[in-house]
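Take the given structure of chain H and dock chains F and B to it, following the hints.
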Amino acid sequence: MPMSYSIQLINLLASTLLLIAFAMLSQRRILSLINLFAWQGLVLSLSTFIVAYSTNQQHLYYSAGLTLLLKVLVLPWLLHRLMRKLNVRWDVETLINIPTTMLVGIGLVIFSFNLAAPISQLSESITRGLIGIALASVLLSMLMMLTRRKAVPQVVGFLAMENGLFFAATSATHGMPLVVELGIALDVLIATFIFGIFFFQIRETFDSLDISHMERLKDD
Amino acid sequence: MMTMEQSLGILFQLYQSLLVVLLAPLLTGWVNQCRAWLQNRTGPGVLQPYRTLRKLFHKDAVMAYNASPLFRATPYILFGCMWLAAAIIPIIAVDLPFSPVADVIALVGVFALARVFIALAAMDIGTAFGTLGARREMLVSFLAEPALLMVLFTASLISHSTQLPRIVDALAHHQFVLYPSLAFAGLAFVIVLLAENARIPVDNPGTHLELTMIHEAMILEYSARHLALVEWASSLKLFAYISIGIALFVPYGIAEVGAMAGNWGSALPLAVIALLVKLVLAGAALALLETLLAKMRIFRAPEFLGTAFLLAVLGLLIHFLLGA
Amino acid sequence: MIDLQLLALLLTPLTGGLLLAVFGSRSWAAELNSLMSFCTFIAAVVLTVRVIDYGPQVAFSEQFFIDQFNVFLVALTAFVAFTTSLFSRPYMRIEQHYGKLTIPMLRLYYSMYQMFTLAMLVALTSNNMGIIWVAMEAATLTTVLLVSLYRTPASIEAAWKYFILCGVGIALALFGTILLYFAAERVLGEGGTALLWTHLNQVKGELEPTVLKLAFVFLLVGYGTKIGLVPLHSWLPDAHAEGPTPVSAVLSGLLLNVALCAVMRSKVLVDGSLGAGLAGDAHFAGNLMMGFGLLSVVVAALFLSRQKDIKRMFAYSSIEHMGLITFAFGMGGPVATFAAMLHMTMHSLTKSAIFFAVGHAVQKSGTQQMENIRGMMQVSPTVGWGLMLGTLAILGMPPFGIFASEFLIITTAMHDYPWTTPFLLIALGIAFAAIFGKVQPIVFGETTARRLPHQPALIPVFAHLLLALILGLYMPPYLADWYRQAAALLGG
Chain H
1 MPMSYSIQLI NLLASTLLLI AFAMLSQRRI LSLINLFAWQ GLVLSLSTFI
51 VAYSTNQQHL YYSAGLTLLL KVLVLPWLLH RLMRKLNVRW DVETLINIPT
101 TMLVGIGLVI FSFNLAAPIS QLSESITRGL IGIALASVLL SMLMMLTRRK
151 AVPQVVGFLA MENGLFFAAT SATHGMPLVV ELGIALDVLI ATFIFGIFFF
201 QIRETFDSLD ISHMERLKDD
Chain F
1001 MMTMEQSLGI LFQLYQSLLV VLLAPLLTGW VNQCRAWLQN RTGPGVLQPY
1051 RTLRKLFHKD AVMAYNASPL FRATPYILFG CMWLAAAIIP IIAVDLPFSP
1101 VADVIALVGV FALARVFIAL AAMDIGTAFG TLGARREMLV SFLAEPALLM
1151 VLFTASLISH STQLPRIVDA LAHHQFVLYP SLAFAGLAFV IVLLAENARI
1201 PVDNPGTHLE LTMIHEAMIL EYSARHLALV EWASSLKLFA YISIGIALFV
1251 PYGIAEVGAM AGNWGSALPL AVIALLVKLV LAGAALALLE TLLAKMRIFR
1301 APEFLGTAFL LAVLGLLIHF LLGA
Chain B
2001 MIDLQLLALL LTPLTGGLLL AVFGSRSWAA ELNSLMSFCT FIAAVVLTVR
2051 VIDYGPQVAF SEQFFIDQFN VFLVALTAFV AFTTSLFSRP YMRIEQHYGK
2101 LTIPMLRLYY SMYQMFTLAM LVALTSNNMG IIWVAMEAAT LTTVLLVSLY
2151 RTPASIEAAW KYFILCGVGI ALALFGTILL YFAAERVLGE GGTALLWTHL
2201 NQVKGELEPT VLKLAFVFLL VGYGTKIGLV PLHSWLPDAH AEGPTPVSAV
2251 LSGLLLNVAL CAVMRSKVLV DGSLGAGLAG DAHFAGNLMM GFGLLSVVVA
2301 ALFLSRQKDI KRMFAYSSIE HMGLITFAFG MGGPVATFAA MLHMTMHSLT
2351 KSAIFFAVGH AVQKSGTQQM ENIRGMMQVS PTVGWGLMLG TLAILGMPPF
2401 GIFASEFLII TTAMHDYPWT TPFLLIALGI AFAAIFGKVQ PIVFGETTAR
2451 RLPHQPALIP VFAHLLLALI LGLYMPPYLA DWYRQAAALL GG
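Taken in order, these protein sequences are the chains called H, F and B.
Counting in our numbering, the first sequence runs from 1 upward without gaps.
Counting in our numbering, the second sequence runs from 1001 upward without gaps.
Counting in our numbering, the third sequence runs from 2001 upward without gaps.
Okay, chain H solo, but in the shape it has when bound (with noise of 0.2 Å):
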């Protein structure tokens, strides 16, 4: 099985991926959170561009550099400074059972692994497996935003889980046409900074970014 080592950094850096994913389901503190996602950004921009160079697509070049810039530095900036004016910089989650936590992050993985497998046998192409990792990735932000009460590791979770998205857009199908991307990253960049409005709104109408104050809402 002769793998080209372009092919098997883009595994390495999947696997990375799916390990912060992991990270960020146990990380507690929400700066180290922020820092995680500016990390998951660096490993995607990474893969974006051995990507890019292994298939020599040039619109994937794009694709690296936009992923720098935004989710590396324009986002986590924009999440520090967010942090800062609101002062939740050392908020800290203390809800969250990390071990019950891990146990079903842990059955997701095998969980979007079973499912991707089809598809990995089919395509004989190289990147066969990231699918799955991409799918387990984005399931793993999506039950890190279940499990959080306080407004911004919910959106972390959700630009993480775009990443995960991104990851199966460039890596796994060797990138979607620029157009969409762009207009990915164009809804992303708008939706983070309506999720600033909100964290405004939300403090200012509950006075503190935990959801749970948010219950008003029910069927009774």
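What the hints contain is simulated information worked out from the structure, not anything from laboratory work.
Incomplete in silico selection of chain H near chain F, CB under 8 Å:
(1) LEU9
(2) LEU12
(3) PHE22
(4) PHE113
(5) GLY129
Here are a few chain B residues that sit away from chain H, every Cβ distance over 12 Å (derived from the structure):
(6) LEU2007
(7) GLY2055
(8) PRO2056
(9) PHE2065
(10) ARG2374
(11) LEU2425
(12) GLY2429
(13) ILE2459
(14) PHE2462
(15) ALA2486
(16) ALA2488
Heads up, the beta-carbon is just placed ideally off N, CA and C, and yes, glycines get one too.
Relative to chain H, chains F and B alone:
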């Protein structure tokens, strides 16, 4: 009538056995010295463990009044187990006479045997500390062992064998391949190594604080030559673990199959030099890690080891998915 | 020519959005909003006429595609967007008069209203599955701030829920889109064409069935969150109840349709791919949609009777109807598809009319709690009648159009999937009892309501209801023909 290769093999097996038993305290000393440097202390020098051992061997042993024979025998069993483990792990060559028995699962069993005896001995005297230490030790190992097995399974899936020499052979002597699964397993292994050898985030070998100690609590009642053997066994255990780590994750430099028959004169000295370099680096890295990390509360240890298990399982899963 | 017409359709709301972002705080902003929506409607009509005359068209180097199916939704969207803008003119002024809204909030509202229309039109007309996704996400982004417009704790909570849940849902849809691309890339090669629906439609028989099946599951779950299918619906009642009423009307009447349109586009591809392969699961996509649809109908009907908030109740009614439409599309076949599209049209018209009437009723009584809204007939017979007739229409009473479409759906279900009929009938019965029982005292009975400072806009209510009535009584042959062509395009 033995062939040339067989006799050479036995010679080198003996050489390795002696090497490990003599080198193990040096490794411990090196780690301690590195820690001292990193903490801006002068340190006692790398030879300090030998001096300690000599001092302990010259003392008269004091025994608790109600100590059973088990208590007396345990240091010897402990030392034997660890020596055996360290001696059979392929650290310089893969086809020594004892190599076929260096099965990873057997190794885990040998470590478990030693652990059972030390825990029993700790409870034998009936002091509060001994029991406490034994319980904590069992908790830690109960969590660490599955993680260790998962790590070993990942490695053996790649090489289709649970024999360490085969694993080393598959990894070191074929075309270089990046294994993401092994990266995960490697991280998990580091955590297990820290926990099993009573290193810092889980236990602190340097203190006798009743709230935190695990390993030291178990051996509080030992003195003189018994204590010396226990300490020596601990050094050997650290040495064995680091050797397993080297064999699994950086096996480059270990002499190939057939080295006994061919150019052993160049392959083996090279292997020994590679081993020494790797040990020095590993020891320094361990010291660095211990300096950087903070001792965690004992109740956090399950979470820490759970991470190891998680990583190892992820490695396994990734191996199945990516085939690498 | 088609390029130009499409450009007019898309540029009008874009210009409107930008203009209103600048001038949204002027006193004539509401009129400008209506004017831009009217222009959009005219552009949609022109486009529709052209598609009826010349058949399906592609535009802008195949990036956009208009056929009978989506042009009918374009026309419907532009029409309802226009009437809603008419309704929102007095409605928002009254809200401002009561001090619930400030001028900057109104500016945000007007600007985002146009942007939302743009996003929906792009999502409907785009030929690129990726752009459809981008536009759907944009539609969420433009409405999320509208839901929290009042800045009350409940509205912020509703908007947050809406944002997070739809964000998660839409992410799954993106994953589905990526899988689709993954499958298409193997047939069409890398590059721009592998996501174009027209190209995919041509080669759908060659697409890998396993991948497409998985892709469809993700697309259905993802866009299904937007449609409000149970169990992914929990954002919908909150967002409808807490947002301004015009937003509820367009969310309920239009956005849900647009999401359903995206699902139908994917269904056509999956059916083509699976139909070419082994026969066993050729109806995979349909079964999945039927399952989600039926579940939504039943669960929403059960929830209806427990509602106390009037907008919330009608939001659940939307879930029920979207479930019914999804179910009908899932059954497939010319009759069911025809009925589903008819139901889409009728539901949009009727439900937005109801929300208009409800909006004014709520303003008159100052609360959304149904037990405190009483005797609308006394205060304002027009609002009362509008609410009553709208309710009768949405409940499927003849001679309104929903009766015709529900009748078609249920008879088809009886014929093809007899076991589903009891569920459907019981659910519709429960819904009838729940909604009628609650609306009746609201319309009749003693009142405590007040007079409004501005004349309410009731023309849109009756215009919608009249349309629904006419279409229920008499379907012009060319319209029926148009629906039939669209049904044929969806593989019915």
